[in-house]
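Colleague: Going down the list, the sequences are from chains Z and L.
Just so we're aligned, residue 1 is where the first sequence starts under my numbering, counting upward by one.
Just so we're aligned, residue 1 is where the second sequence starts under my numbering, counting upward by one.
For the record, the hints were derived by calculation from the structure and aren't laboratory data.
Hints are supplied without guarantee of correctness; some may be wrong.
[Stated by the list, open to error] Dumping the calculated PhoX-like pairs for lysine-lysine here, alpha-carbon to alpha-carbon at most 20 Å: (1) Lys52(L) - Lys9(Z); (2) Lys9(Z) - Lys44(L); (3) Lys124(L) - Lys41(L); (4) Lys116(L) - Lys84(L); (5) Lys53(L) - Lys3(Z); (6) Lys72(L) - Lys117(L); (7) Lys117(L) - Lys56(Z); (8) Lys9(Z) - Lys9(L); (9) Lys9(L) - Lys84(L); (10) Lys14(Z) - Lys124(L); (11) Lys14(Z) - Lys41(L); (12) Lys3(Z) - Lys41(L); (13) Lys84(L) - Lys9(Z); (14) Lys9(Z) - Lys116(L); (15) Lys124(L) - Lys44(L); (16) Lys124(L) - Lys9(Z); (17) Lys52(L) - Lys72(L); (18) Lys9(L) - Lys53(L).
[Said to hold, decoys possible] Label pairs and their calculated CB-CB ranges: (19) Cys20(Z) - Asp102(L): 33 to 41 Å; (20) Gly76(Z) - Thr61(L): 20 to 28 Å; (21) Gly52(Z) - Lys72(L): 40 to 48 Å; (22) Asn18(Z) - Glu113(L): 30 to 38 Å; (23) Glu69(Z) - Lys72(L): 30 to 38 Å; (24) Gly52(Z) - Lys53(L): 22 to 30 Å; (25) Asn34(Z) - Ile60(L): 29 to 37 Å.
Glycine is no exception: its CB is placed at the ideal position from the N, C-alpha and C atoms.
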Amino acid sequence: MYKITLFGKLRDFKHQDNFCVETDKELSVKKLKNLICVYLRDQNPNNNEEIGPIIKVSALSDNERILTEDEIVNPGNISLLPPVSGG
Amino acid sequence: MEIVRLQTKPIKIEDFISPYKDHHGCESIFTGYVRNTNDGKSVKYMEYTAHKKLARNTMITMMEEAKEEWGKTLDIIIVHRLGKLALGEISVYISVRAPHRDVAYSASRYLIEELKKRVPIWKKEFCDDNNYAWLDGVPL
């Protein structure tokens, strides 16, 4: 199971900051992002067109580092980070 | 002195003034403020959020990179504000103390540019009509 925490603009697509993705397999970053995309689209039928593009440019992190696209994600707490805009 | 900090209380420059060390000939200070317009729109206030752990770790890594490139004797302070900020408040403060100005300017420029590209912080801009917009950012 992955517990996904959303940040930045992604929080507009979910009332809670986090949610769980149940799966019996360990997924690659790319596959987990696809699954999150499907989940958020289901939750936000009105914002369907916005969700895909922003998830595509968002990064997954195990809260220690940014994960690369083809990496396998260990189950646990995962953050989804949209493009950053500090400063 | 090395300080890396994310804080919700206002950034006061006087909090980061400390005695100079003999080998430091100068200090370069970069201060970012909340301004009243962006892309032609009036801004009322700004809200910053972060992935605090990753943001702090990334800022520490950037500081180490700057020291590796420009010298271990640099004193570096990087402070970023979080939460709701009014117009004119300081959003980011970077100080580099160095033996010479070329090093101080280069390291300071490096730190603010890298911060904008690598540190997981997000800016939400509230307009006069109470609508808000997340600012376009840089993918990690």
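Colleague: Each hint should be assessed against the structure and marked as holding or not.
Modeller: Checked hints:
The hinted pair formed by Lys52(L) and Lys9(Z) meets the criterion: a straight-line CA distance of about 16 Å does not exceed 20 Å. Restraint check: the Cα-Cα separation between Lys9(Z) and Lys44(L) comes to about 19 Å, which is no more than 20 Å; the hinted pair holds. The suggested pairing of Lys124(L) with Lys41(L) holds, with an alpha-carbon distance near 13 Å, which does not exceed 20 Å. With a CA separation close to 19 Å, the supplied pair Lys116(L) and Lys84(L) stays within the 20 Å bound.
Between Lys53(L) and Lys3(Z) the CA atoms are separated by roughly 17 Å; this keeps the pair inside 20 Å, and the hint holds. For the hint pairing Lys72(L) with Lys117(L), the CA-to-CA distance comes to about 24 Å; that exceeds 20 Å, so the pair is violated. A hinted pair counts as satisfied when its Cα atoms are at most 20 Å apart, and Lys117(L) with Lys56(Z) qualifies at roughly 17 Å. Distance restraint check for Lys9(Z) and Lys9(L): the Cα-Cα separation of roughly 23 Å exceeds the 20 Å cut-off, and the hinted pair is therefore not satisfied.
With a CA separation close to 10 Å, the supplied pair Lys9(L) and Lys84(L) stays within the 20 Å bound. For the given pair, Lys14(Z) sits about 17 Å from Lys124(L) by alpha-carbon distance, which is consistent with the 20 Å threshold. The suggested pairing of Lys14(Z) with Lys41(L) is violated, with an alpha-carbon distance near 27 Å, which exceeds 20 Å. Taking the CA atoms of Lys3(Z) and Lys41(L), the gap is near 37 Å; set against the 20 Å cutoff, the hint is violated.
At roughly 16 Å between alpha-carbon atoms, Lys84(L) and Lys9(Z) fall within 20 Å of each other, so this suggested pair holds. Our distance criterion of 20 Å between C-alpha atoms is met by Lys9(Z) and Lys116(L), whose separation comes to about 17 Å. Simply put, Lys124(L) and Lys44(L) have alpha-carbon atoms about 11 Å apart, close enough for the 20 Å limit, and the pair holds. Between Lys124(L) and Lys9(Z), the direct Cα distance comes to roughly 8 Å. Compliance with the 20 Å bound is thereby established for this hinted pair.
The hinted pair formed by Lys52(L) and Lys72(L) fails the criterion: a straight-line CA distance of about 26 Å is larger than 20 Å. A distance of roughly 18 Å separates the Cα atoms of Lys9(L) and Lys53(L); the hinted pair therefore holds under the 20 Å criterion. Checking the proposed 33 to 41 Å range against Cys20(Z) and Asp102(L) shows it is violated: the Cβ atoms sit about 52 Å from each other. At roughly 23 Å, the beta carbons of Gly76(Z) and Thr61(L) sit within the given window of 20 to 28 Å.
Checked against the hint of 40 to 48 Å, the pair Gly52(Z) and Lys72(L) passes, with Cβ atoms roughly 46 Å apart. As the Cβ distance of Asn18(Z) to Glu113(L) is approximately 31 Å, the hint placing it in 30 to 38 Å holds. Roughly 35 Å separates the CB atoms of Glu69(Z) and Lys72(L), a value that falls within the hinted 30 to 38 Å. At about 28 Å, the CB distance of Gly52(Z) to Lys53(L) agrees with the hint of 22 to 30 Å.
Against the hinted window of 29 to 37 Å, the Cβ-Cβ separation of Asn34(Z) and Ile60(L) comes to about 33 Å, which satisfies the hint.
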